[in-house]
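Trainee: Here is what each chain is made of, one letter per residue.
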Amino acid sequence: MKKTNHIITQNQYIFLLVSAVIGIGIISAPNSLCQTAEQSGWIAIMLGGIYPLVISYCAYLNYKYFGNMYFFELNKKLYGKIGAYLVFFFFFCTILFYEASIIAGFTNLLNSSISSFLPVYLIIFILTFVTVFTAYFGLQTVGRLAEIIFYSSSILFLFPLLTFSKGNIVNILPVISSYHKIIESIPSSFYAYADIELAFFIMPFVLQKNDFKKAGIKASTIIIVIYTFLVFTSIYILGYEVASKIYFTLIYLMEVAEIPIITDFKAIFIFLWSGVVFKAIACNHFVVSYTFSKLTKLTYKKSCLIVSPFILGVAIAMIPAHGRTQILDKIVPYIVPITILYSIITAIMVLIKGRRKL
Amino acid sequence: MDSLSKNIYHNLEKILTHIPNTSTLIKREFLINKKTKAMIIYISGLTNRQDIERHILTPLISITEDIETLPNPIEHIIQNYISIPEVKTIDNFDNITMEIYRGKSLIIIDKINKAILCETSNVPHRSIQESNVEKTLRGGRECFVENLEINLALLQNKIKSTKLRIENYVLGSENKADAALIYMDGIIDPIILNNIKVKLAKLKDIPYVLCTGYIEQLIEDAPLCFFPHAKNTEKPDKVVSDLLQGKAAILISGAPYALIVPALFIEFFQGFEDYSQRILTSTFVRLTRILSALVVLVATPMYLTVLNYNSELIPVKLMKIIYDSRLGIPFPPFIEILIMELSVELLREGGLRLPTPIGQTLGIVGGIVIGDAAVRAGLVSPTTLVVVATTVIASFLIPNYEMALSIRFIRFPMLILAQLFGFLGVIVGFYLLIVILINSESFGVPYFAPFAPLKIPDMKDAIIRFPLKDLQRKPDILTIKKGKK
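Taken in sequence, the protein lines are chains A and B. When the first sequence is numbered by numbering that gives the first Met the number 0, its final residue is 357 and no position is left out of the sequence of numbers. When the second sequence is numbered by numbering that gives the first Met the number 0, its final residue is 484 and no position is left out of the sequence of numbers.
Since the hints were derived computationally from the structure, they do not count as laboratory data. Think of the CB as a built atom: it goes at the ideal place given N, C-alpha and C, for glycine as much as any other residue. Watch out, some of these pointers could steer you wrong.
Stated by the list, open to error - Derived Cβ-Cβ restraints for the label pairs, each shown as a range: (1) B:ALA152 to A:ILE305: 57 to 67 Å; (2) A:ASN4 to B:ILE158: 55 to 65 Å; (3) B:LEU419 to A:PHE89: 33 to 43 Å; (4) B:THR389 to A:LEU271: 39 to 49 Å.
As the list claims (entries may be wrong) - A short list of chain A residues far from chain B (calculated; beta carbon distances all over 10 Å): (5) LYS80; (6) LEU117; (7) LEU121; (8) ARG143; (9) TYR150; (10) ILE168; (11) LYS180; (12) THR220; (13) ALA266; (14) GLY274; (15) ILE305; (16) PHE309; (17) VAL313; (18) LYS329; (19) ILE330; (20) MET348.
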């Protein structure tokens, strides 16, 4: 086993961003979107794609004006030492919360499908162990994993097409349910894109930035296309009324797929999808460990181990699906605007200070 | 180290402190020009007696001039009397023991504080035969033997390039085994080469190094990893192919194997004849090998999961067949599968050490007779037997023995994970294996390349084989770029 290594390629940067965003959230995204935007949920998620585009562009601006400066150093330069600590503390709490919510969400999914015989605490423990094991060796391992899993599992995104014949064009008509409803549901679509903030942290570790701006746009576009496609397919097949009532919409689609020999395609899908979720959790765990190591001045590896009980605790607390949704609904409306506000203020300051430097 | 003295008996005494004075140590004393005492020392059985007699003793005894009066008597004797092709002069006892054990003959002459070392070795060795382990359908049949010189000659005969480099090493502080590092200068990456050299240099202080397996474990980065990080082969053709791709080979005296470093995971699923076969058939064969490895890893754990926890995964009719076949079986599925798997391992390990005819008998008696009897007795179910037997057959498709052994071993932890956590256990086990593979490096080269990190040009010769003219001679991954952040 090699030592901790955070160096990644530009390609891995793209897939790390994709991996961080596409995890468990995508399975339930149609449900939350259809509740407000109805059959136009897919338009709402597409418009919400502005969030990853803005964040990845801000990361590019950081690179353009301050080169490979570490994110912590950049914050110190812009907001002072205390400011940098506050920013890192905010991201530490936010990403820890996201990570725990993915673990809790996936635990619920496993518990309601292939692992119903296992206690939820044990599932959470296994998932946390797997995450720590992956992130422990550094960003390079997570980056390589993101790259290989994306390529090998990209076919999964087409699996809903297996049930496409059961869909009806009427389900998505009229295309615009209501402009007001679409705009209203855009903020909730931001949660789907949460974790794109990873771009700020991993940017300095990219080895060769030949076309860094394009890399960010490419990652955001992949994410937006996948989300829009899956939400559209779910609405097309199930209709918005059914989609808004089934929490794990994508899993339900797989459940109704008819494949010879396999009676329960849902289990196979979860088996294959778990790699996607594991790498999403690992991306989060990297950020949590990295921010913690900066806050406490501990080594990355020690931080990686120390934060795991916190994640375990928060994930257990978020196990009841209803409670988790309530917590998410209360916290996310604050987290996302703060992140956007921070990103824009940082971008403006970077532009001002960076130009002055030039 | 001590220098040679002018007294022949004093020198002999010194030599005898390093070499046991047994009947195999020959000390033949004779006179040069009927007055100067001389002695030839060698080990019988390791030397060619005819050469000694014809090219050393006969000419030296027939000398009629007074060598004691000559200004450079040793050089004079070498130039005028000894007709052995490889001769050198020594003036101290450095490495004398090692040279004599290599089969060389030492000539010491009274009143001269120098000695002559003649290459007279004739170390007994096997003749070059066809490999019993690595069978090839298309390709050279010859394989390495235990003699280092012959092995090096086999390689030199196949690579007539000015880039070929052979560096000699003596490994093990006690057994002082001769070894050689072979590489192609200008093709191998200097960082990889340096990495190998540094690690090999450390082996000088290890008490003994007996074969390539020792070297492999002593120089690899992660000896505790499940998977082999270096390739062992007894085929010179394979070594040549790897050398030309920018790898290095290590040969050691006494081992009919070459150790090739660095090695990538996917290479263990590639056969040498893949490049001689048609493109489509060789690609199909490679896919079959990968599939077989997956079958070995997950077939029994999945079967166990279906039996124990997730029977909803397969159609009811199929489940009924499995259920009916297990009626009356006294063991739980996990124990039943474990017994079967262990029995197979016992038969395999037993058959491996036995001579071929007896090994075959063991296979037939063990596999068919006992298997059938166990099913009839109701100890195991026929479906379990089918699943386990399929995994056994699948394991034989993996062309590299070490890799096949590793994958066979991994199915046991996978089985335990499946028993403990069901389907989730299989998922987690498989995922952890991928992380381990991604994290591993073989002499600085990512082990799971070209998949992670992704190297598109190298993918042309990974699972799918492109036409030979499209293949790069040297994979991209074998060039280490020193990047700065």
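Trainee: Would you mind marking each hint as holding or not holding in the structure?
Mentor: Do the hints match the structure? See the list:
{"no.": "1", "hint": "B:ALA152 to A:ILE305: 57 to 67 Å", "in the structure": "holds (59 Å)"}
{"no.": "2", "hint": "A:ASN4 to B:ILE158: 55 to 65 Å", "in the structure": "violated (35 Å)"}
{"no.": "3", "hint": "B:LEU419 to A:PHE89: 33 to 43 Å", "in the structure": "holds (39 Å)"}
{"no.": "4", "hint": "B:THR389 to A:LEU271: 39 to 49 Å", "in the structure": "violated (22 Å)"}
{"no.": "5", "hint": "LYS80", "in the structure": "holds (23 Å)"}
{"no.": "6", "hint": "LEU117", "in the structure": "violated (6 Å)"}
{"no.": "7", "hint": "LEU121", "in the structure": "violated (8 Å)"}
{"no.": "8", "hint": "ARG143", "in the structure": "violated (4 Å)"}
{"no.": "9", "hint": "TYR150", "in the structure": "violated (7 Å)"}
{"no.": "10", "hint": "ILE168", "in the structure": "holds (33 Å)"}
{"no.": "11", "hint": "LYS180", "in the structure": "holds (38 Å)"}
{"no.": "12", "hint": "THR220", "in the structure": "holds (19 Å)"}
{"no.": "13", "hint": "ALA266", "in the structure": "violated (5 Å)"}
{"no.": "14", "hint": "GLY274", "in the structure": "violated (6 Å)"}
{"no.": "15", "hint": "ILE305", "in the structure": "holds (20 Å)"}
{"no.": "16", "hint": "PHE309", "in the structure": "holds (22 Å)"}
{"no.": "17", "hint": "VAL313", "in the structure": "holds (21 Å)"}
{"no.": "18", "hint": "LYS329", "in the structure": "holds (31 Å)"}
{"no.": "19", "hint": "ILE330", "in the structure": "holds (29 Å)"}
{"no.": "20", "hint": "MET348", "in the structure": "holds (24 Å)"}
Of the numbered hints given earlier, the model fails hints 2, 4, 6, 7, 8, 9, 13 and 14; all others are met.
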